[in-house]
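Enquirer: For this one, chain A is given, so just place chain B on it according to the hints.
Number of protein chains: 2
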Amino acid sequence: MFLLQAAAAPLFAAKTVEQWGAFELALAGPTNGNPFLDVNFSARFTQGTNAVEANGFYDGDGVYRVRFMPEKQGEWRYVTKSSSAELTGRTGEFMVTKPAAQNHGPVGVANVYHFAYADGTPYKELGTTCYVWQLQPKALQEQTLKTLATSPFNKIRFCVFPKRYTWNTNEPIMYPFAGNPVATNWDFSQFNVKYFQHLEQRVADLQKLGIEADIILFHPYDEGHWGFDRMPSNVDDRYLHYVVARLAAYRNVWWSLANEWDFMKEKKESDFVRFGEMVAHDDPYHHLLSIHNGQQLFNHTLPWITHASIQNGAAVEESGRAEMYRDVYRKPVVYDEVKYEGNIESRWGQLSAEELVFRFWNATVAGTYCGHGETFKSDDQILWWSKGGALKGQSPARLAFLKKVLADSPAEGIEPIDRWQQPEIGGQPGKYYLIYFGRQTPTNWAFQIPKPPLEKLQSAAGMKFTVEILDTWNLTVTPVPGKFTLKKKDGYSYADQAGRTVSLPGKPYLAIRIKRVPASAKE
Amino acid sequence: MFLLQAAAAPLFAAKTVEQWGAFELALAGPTNGNPFLDVNFSARFTQGTNAVEANGFYDGDGVYRVRFMPEKQGEWRYVTKSSSAELTGRTGEFMVTKPAAQNHGPVGVANVYHFAYADGTPYKELGTTCYVWQLQPKALQEQTLKTLATSPFNKIRFCVFPKRYTWNTNEPIMYPFAGNPVATNWDFSQFNVKYFQHLEQRVADLQKLGIEADIILFHPYDEGHWGFDRMPSNVDDRYLHYVVARLAAYRNVWWSLANEWDFMKEKKESDFVRFGEMVAHDDPYHHLLSIHNGQQLFNHTLPWITHASIQNGAAVEESGRAEMYRDVYRKPVVYDEVKYEGNIESRWGQLSAEELVFRFWNATVAGTYCGHGETFKSDDQILWWSKGGALKGQSPARLAFLKKVLADSPAEGIEPIDRWQQPEIGGQPGKYYLIYFGRQTPTNWAFQIPKPPLEKLQSAAGMKFTVEILDTWNLTVTPVPGKFTLKKKDGYSYADQAGRTVSLPGKPYLAIRIKRVPASAKE
Chain A
1 MFLLQAAAAP LFAAKTVEQW GAFELALAGP TNGNPFLDVN FSARFTQGTN
51 AVEANGFYDG DGVYRVRFMP EKQGEWRYVT KSSSAELTGR TGEFMVTKPA
101 AQNHGPVGVA NVYHFAYADG TPYKELGTTC YVWQLQPKAL QEQTLKTLAT
151 SPFNKIRFCV FPKRYTWNTN EPIMYPFAGN PVATNWDFSQ FNVKYFQHLE
201 QRVADLQKLG IEADIILFHP YDEGHWGFDR MPSNVDDRYL HYVVARLAAY
251 RNVWWSLANE WDFMKEKKES DFVRFGEMVA HDDPYHHLLS IHNGQQLFNH
301 TLPWITHASI QNGAAVEESG RAEMYRDVYR KPVVYDEVKY EGNIESRWGQ
351 LSAEELVFRF WNATVAGTYC GHGETFKSDD QILWWSKGGA LKGQSPARLA
401 FLKKVLADSP AEGIEPIDRW QQPEIGGQPG KYYLIYFGRQ TPTNWAFQIP
451 KPPLEKLQSA AGMKFTVEIL DTWNLTVTPV PGKFTLKKKD GYSYADQAGR
501 TVSLPGKPYL AIRIKRVPAS AKE
Chain B
1001 MFLLQAAAAP LFAAKTVEQW GAFELALAGP TNGNPFLDVN FSARFTQGTN
1051 AVEANGFYDG DGVYRVRFMP EKQGEWRYVT KSSSAELTGR TGEFMVTKPA
1101 AQNHGPVGVA NVYHFAYADG TPYKELGTTC YVWQLQPKAL QEQTLKTLAT
1151 SPFNKIRFCV FPKRYTWNTN EPIMYPFAGN PVATNWDFSQ FNVKYFQHLE
1201 QRVADLQKLG IEADIILFHP YDEGHWGFDR MPSNVDDRYL HYVVARLAAY
1251 RNVWWSLANE WDFMKEKKES DFVRFGEMVA HDDPYHHLLS IHNGQQLFNH
1301 TLPWITHASI QNGAAVEESG RAEMYRDVYR KPVVYDEVKY EGNIESRWGQ
1351 LSAEELVFRF WNATVAGTYC GHGETFKSDD QILWWSKGGA LKGQSPARLA
1401 FLKKVLADSP AEGIEPIDRW QQPEIGGQPG KYYLIYFGRQ TPTNWAFQIP
1451 KPPLEKLQSA AGMKFTVEIL DTWNLTVTPV PGKFTLKKKD GYSYADQAGR
1501 TVSLPGKPYL AIRIKRVPAS AKE
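In order, the protein sequence lines correspond to chains A and B.
Counted the way the numbering used here counts, the first sequence spans residues 1 to 523.
Counted the way the numbering used here counts, the second sequence spans residues 1001 to 1523.
Excised from the complex, chain A in its bound form (with noise of 0.2 Å):
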């Protein structure tokens, strides 16, 4: 007689999960062997036809994960895969609910060159960059946290792996491998779990606060201390599978392969190109997925990337360079490192506030999007852009004064009006205009405005537009009275009808808003 064994319950099955949530299974499973080689673990999600497949992970202690993010409410089933029978054929449902208030989905790109929250919720971007914040003292990294929560920022960049580089040789808390740190003696074939546990902890604190992960797989501030940068081939491609499976499911996740790619003088450039073909057949929600240089910009009109990330500081130093990029990339571009604020010795990090302010508003009219960084020498070693801590810059809230006119800006994104021309003019025609004077002291702006496209130019005469003066320095907003009403000027702009001008304030980091003013609004 044979007895047929029932498979033993799960560790944990969640029985809901709002959309956009995380779904876990955890199934215990074999801990002979190393299960980190030996185990394929996935599992198959379908409602109806939509099926998705997500790659399940080991966490140590004989348990096997498998995490999910639906994209749709209602009910889900699964059935898990294995090259281990305990792990096989093992089902089940759950119920996808609504999304909490705050849970807009996973970002991507909108509108070709902009960012919008899954549920169609503009997202504007404003990141900061803090390395390895989550790998100093936890007192530390929830200083960081208390900073982030009241900062303007909305995504900030962190890399995987630990840092070594000017200002940061302090050790990591843990490390992401089994080993001997001090002989940096590591099994590459062990994953320190509790490395990543604790990664993804601070993933979803970052979700909780609305702060997007721009999470850096690979970097070279290691040159082979710990030699995290110069895995075997294998070995870094067993780890992006691990972090994809680990990680994908968290809404607030975006993949940057490298930092500086081109400072990592053990990999090719085709290893990245692996890299990226890897992760993005690996992650079935197509989390955005970039890569940022050093001094050589990465090819970024490779389909697998959603959008350039790229330094370089000059090309924000004016409007009319940050546009260029976007005509060859037709895609978001986002100048993810353009010199900190700060005033250490090296030239990279010590820009004034104002100047990193400025190119901020540089990127915004040219319809791109800027990183934050701060670099100010301390006692305690402590610099935000490679450990968090606490923000001692003057940019911040002059950042939060562009995040409120981000929030209030068309929702299909600030566009070049009119890019070889007047770069310094980003809106959308015949609605919204954002004209940045960056350094110069204007007393004077007689209102124009160029001719908006064929499509729109019907009715251009006679459209009537409120403008308003920013300071986007001493962060004022104020209105001009009365409208303005567009009458042709030339060939290729309006004016107003009374050729009204605008008195300014003859000072630096000015800026006009300029909106329309709907036909059916009362005079």
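No lab work stands behind these hints: they were computed from the structure.
Cβ coordinates follow ideal geometry from the N, Cα and C atoms, glycine included.
A few chain B residues that don't get close to chain A, going by computed Cβ distances all over 12 Å:
hint, residue
1, Thr1169
2, Asp1380
3, Lys1392
Covered stretches of chain A, as calculated for chain B (at least 3 residues, CB under 8 Å):
hint, segment
4, 307–314
5, 419–428
Partial list, derived from the structure: chain A residues whose beta carbon lies under 7 Å from chain B:
hint, residue
6, Leu297
7, Asn299
8, Thr301
9, Arg321
10, Met324
11, Asp327
Expert: Frame of chain A; chain B shown alone:
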């Protein structure tokens, strides 16, 4: 008894040809049916293990030709292939001699961002545009050639097809297809061989002047008037095969797939990819191959594109912009259209000479190349930009000065020196620097150059340099007496040991040329 009929002697078969000259074989062949459609004809040229396949073409009146540009000296042999027995298996040999003194071979890419002739002679691109000069009345064509002969230009862009546009509404002297021009009732299956013979003659005329022919294969300035911008795709393809078969053996040919490709409303981007792949496949010599944009850049990272041919006047308004496309494409960047010197109403045709020359210099110090054009209103409707004729502007004399500066610059090309910090400096580190002040009017300049790259840094202190002041508008070169000796100034730059400065005349459009004094040179 059977009589083996000997093949008729070729109508023409060159017995000797210089290296990079055009060998030609002409055979009598079928005249029945439609030879353009019915007969394939090509030849295989061999020298030892070197083999080149070249397509032939029908030249009317029963004459079939195949041309070949030998890239190696010595004896070559050929054997023909054809769908017609008459044209099959014809063999012969010929001798390829040393090139004549002015023949340096075709131009190709050198040092990633630059150009050189096949014999290694640097080619410093300095181009102009006369879109349909060869389709104007004969006297005007001759005048254009005469003007070009004394101009600084070493490349001219022009179209195969006629152009219809403002200032250019006259009909061409001939049409590319048989048919009725008044009814624009073309027989696309019958090329007008005289049209293409004439085109070849003009390419040969340019070759004699040492001018490269940047041949524009498609363009939008037709809009259905003749319909050459909207031919069926099989006609497009046959036309390309035909033009490449006819012209590829001319060493001074460059292929420009289109002018303003994105303004061709009847073509898709994928059509141009097909065209590019076809031309690259058909052309045995891989002449330079590019595609020029209107508002939308083409994807110049595609492997068959040899250099980025870009319309964007704004990009050369300052050197910091001009450099940016180099980083993206890792290919030579040629700003083939940056607006024109002239006085017409359109804003793309009213640059001052100062502004156009300024743009050339910005492009030059950025390690890129710029293009000339001229649009002066004229009662005779003859504008250089479209029809050629005489040059009227003030820029060509200044471009002749620039040409001398380029001829004197490093053979390997002018490269950005510290591109994200001081884009106004081009040159070769430790060897040659060209600093362009543009519209600034300096009266004094403290000698200073960026730190040479690490591999050349060892011996930087003590290096000696001469300095010359270039007035790029008034065309003077003023040597500064004595030498300047390097001393480290800070982590990023070197100054003169004695802190020497250079007095400048306080005018716009000045440049400074700095050349290394060889260590062996006498003091």
